[in-house]
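Since each chain comes alone in its own frame, lean on the hints to assemble the complex.
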Amino acid sequence: MRPVGPPSDGQHRMKKREAGLWELYFSFFKIGGLTFGGGYAMLPMLQREVIDRHHWVDEQEVLDIYAIGQCTPGIIAVNTATMIGYRKRGVLGAIVATLGEVTPSLLIIITLASILLRLQDNLWIQRAFGGIRVAVCALITQAIVNLAKKSLVDWQTILLYLLVVGASTFAHLSPLAVVPLAIVYGLMVQHLKRRAA
Amino acid sequence: MIYLALYWEFFKIGLFSLGGGLATLPFLYKLAETHPAWISAQTIADMIAISESTPGPIGINMATFAGFQVAGAVGGLIATLGEITPSIIIIILIARFLTAFDKNQNVKDAFYGLRPAVVGLITFALLKLMGVTLFHGQVIHMKETILYGVLVLCILIWKKVHPFIWILVGSVAGLMFQLPS
Numbered sequence: 016m017r018p019v020g021p022p023s024d025g026q027h028r029m030k031k032r033e034a035g036l037w038e039l040y041f042s043f044f045k046i047g048g049l050t051f052g053g054g055y056a057m058l059p060m061l062q063r064e065v066i067d068r069h070h071w072v073d074e075q076e077v078l079d080i081y082a083i084g085q086c087t088p089g090i091i092a093v094n095t096a097t098m099i100g101y102r103k104r105g106v107l108g109a110i111v112a113t114l115g116e117v118t119p120s121l122l123i124i125i126t127l128a129s130i131l132l133r134l135q136d137n138l139w140i141q142r143a144f145g146g147i148r149v150a151v152c153a154l155i156t157q158a159i160v161n162l163a164k165k166s167l168v169d170w171q172t173i174l175l176y177l178l179v180v181g182a183s184t185f186a187h188l189s190p191l192a193v194v195p196l197a198i199v200y201g202l203m204v205q206h207l208k209r210r211a212a
Numbered sequence: 041m042i043y044l045a046l047y048w049e050f051f052k053i054g055l056f057s058l059g060g061g062l063a064t065l066p067f068l069y070k071l072a073e074t075h076p077a078w079i080s081a082q083t084i085a086d087m088i089a090i091s092e093s094t095p096g097p098i099g100i101n102m103a104t105f106a107g108f109q110v111a112g113a114v115g116g117l118i119a120t121l122g123e124i125t126p127s128i129i130i131i132i133l134i135a136r137f138l139t140a141f142d143k144n145q146n147v148k149d150a151f152y153g154l155r156p157a158v159v160g161l162i163t164f165a166l167l168k169l170m171g172v173t174l175f176h177g178q179v180i181h182m183k184e185t186i187l188y189g190v191l192v193l194c195i196l197i198w199k200k201v202h203p204f205i206w207i208l209v210g211s212v213a214g215l216m217f218q219l220p221s
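Residue numbers (the numbering used here), protein chains in the order written: chain P, 16 to 212; chain C, 41 to 221.
Just so you know, the hints here were simulated from the structure itself, not pulled from any lab data.
Predicted, not measured: the structure shown is a model, and the values here were computed from it.
Check the hints yourself; a few may be wrong.
What the hints assert, rightly or not - Calculated lysine to any residue pairs in the SDA-like style (CA-CA distance at most 25 Å, straight line):
id : chain 1 : residue 1 : chain 2 : residue 2
1  : C       : LYS52     : P       : PRO195
2  : C       : LYS183    : P       : LEU138
3  : C       : LYS148    : P       : GLN205
4  : C       : LYS148    : C       : ILE132
5  : C       : LYS70     : C       : TYR43
With the rest of the complex left out, here is chain C (with noise of 0.2 Å):
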């Protein structure tokens, strides 16, 4: 049954990555792994690029996208509900139980860890994405990594811009140089 499977796995994702959007990367990674089938690790880059550029939560973007191509419209709106049932379950509870929750020491102490470790398990998520986008094999794609560096010093000098613009910025570059090279 497809559909259950797709609502697990989200779920999963759901109750497992803190910090956001881009901290459930490292576990649609995992699932490019468990479940060729469904994404790609090229799919996930275009995800990400189309999550970024519309509006709505990037994490609920990607958990749609990746649930449509899965299984149509319904399975992105499986994937979806299966990505926010643990929040919802979450929240209800810390409402009612908890209250600072929030200022809690021993809450405070464990992300202390955690949000190292989130950073880390992005980074993971990059050197993937790298790994299909600027390399291939041992080989260095050389107009990517070029436009890689490039578009890494714009984007920490230009702070305030949209990263919409950048996503254009970078469909512009791929028509002008006919990437993927």
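Just chain P, same shape as in the assembly (with noise of 0.2 Å):
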């Protein structure tokens, strides 16, 4: 039993297959060209391009490959590409993978960061930043309410947030050192929780 062709619908078991780089740089190429906001947006487009399409792997492996993308530093988007790339060509194919998945972005940005620069001192374009500021300043800070509500989830949380929020502010203490110092508080607390309880 080697079917090749489409698999059958409504049932998950399929035959994975191989990927070309050609391939792998084109399909993450698409993925980082068509969706907007990457990260969580890029989902739905990762699964039509690599199960869906190439079935180069299955729902289950997608999950994973995203659960730990989300875990580990850097771009979600990024560290999924390097992900897939090297599961299906090794370093290779992982470096192959994230470079198509960025390039759009590389293309794009500079092409309009170009045109901004020299359009800059034009006053039209000046008053319609003003306002996109301040939806800028909007919209993030819907997206931290949405992080808010999934990340400070007892009291001890909602603390390390408020300390992490005036430490930065007022102490101007480094992002850089904020990172190793949430990990251990994160340790610490489980472990004092687990013994209490």
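What follows is the structure, given as structure tokens:
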């Protein structure tokens, strides 16, 4: 039994296919170029490319890879691309998939940035960006509200949140220092909680 | 050697920012402090707007934009390569040596602390951003502050609307009310 055609619908059993390097590059180029916002927004596009279209990995694998991408340093979309590339074609595959993912960003942003830098003295552009900056403040506020719902789960996490905001704002604590301190805090609090239980 | 410095700074950002695009913001503000000739707090706001309204991961878009401002197209490329290098190294190591990394109890415990800290860092970045947008020293910009309040309400009510639309709304409001005041 080695069917290479499309998997019968409703069934998640599928034969995984090999991936060519060029195919990897082009697939992640498409994912990078067609998702707005990276991270969480990329999942539907990712599933369509690597599961439905190419049959490189299955549903469960994508979710696992995505979970790892979220809890390792760096950009989630890049971590995911690296992991899938590595599983299919080793180190070279990891590099090729990641470069594919970031190429559209490079092309689009460099084009836009060069246009904008030439127009930045234009009054209309300045006014538009005056409003855009306010919209960005509002968008980030919403992102913080959403993240807080998922991460501030008890008084210990709320306390840590307030400490980080306070120490960054008033004591100018570097974010580079916050990250390791937060890891130690998390390990300690959870350890104490388990001892108390 | 500016390219090397750029690569190193963004390598650090890639290594220390957990939780995706917006998590790189506090590091960019730090960069604006340590390298004022590279980026300013003002341009970071524009970078976010453009990164949110163009395709591609926000973190990569912001790195490309920042790098471009410092050293042109090559700078954009170098900053992005710097930011993705730690990811590639770490993910390959994890894929090779650690199975079930995300199910490990210590990793879970670390993330219990990391998540609220990252929200705190993004809040700090937001305060910085508001400091140049809604306030000027002690003076509150009324037009901007009211627009901000209205937009936050709208965004929280109409959750499904794409960020790009809100950025468009912002730009129209900016033209109508003749911002920045």
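Going down the list of hints, with the structure as the test:
1. C:LYS52 / P:PRO195: holds (14 Å)
2. C:LYS183 / P:LEU138: holds (18 Å)
3. C:LYS148 / P:GLN205: Status holds; Cα separation ~9 Å.
4. C:LYS148 / C:ILE132: holds (20 Å)
5. C:LYS70 / C:TYR43: Given that 25 Å is the threshold and the Cα spacing comes to 19 Å, the pair holds.
Going through the hint list in order, the structure satisfies each hint without exception.
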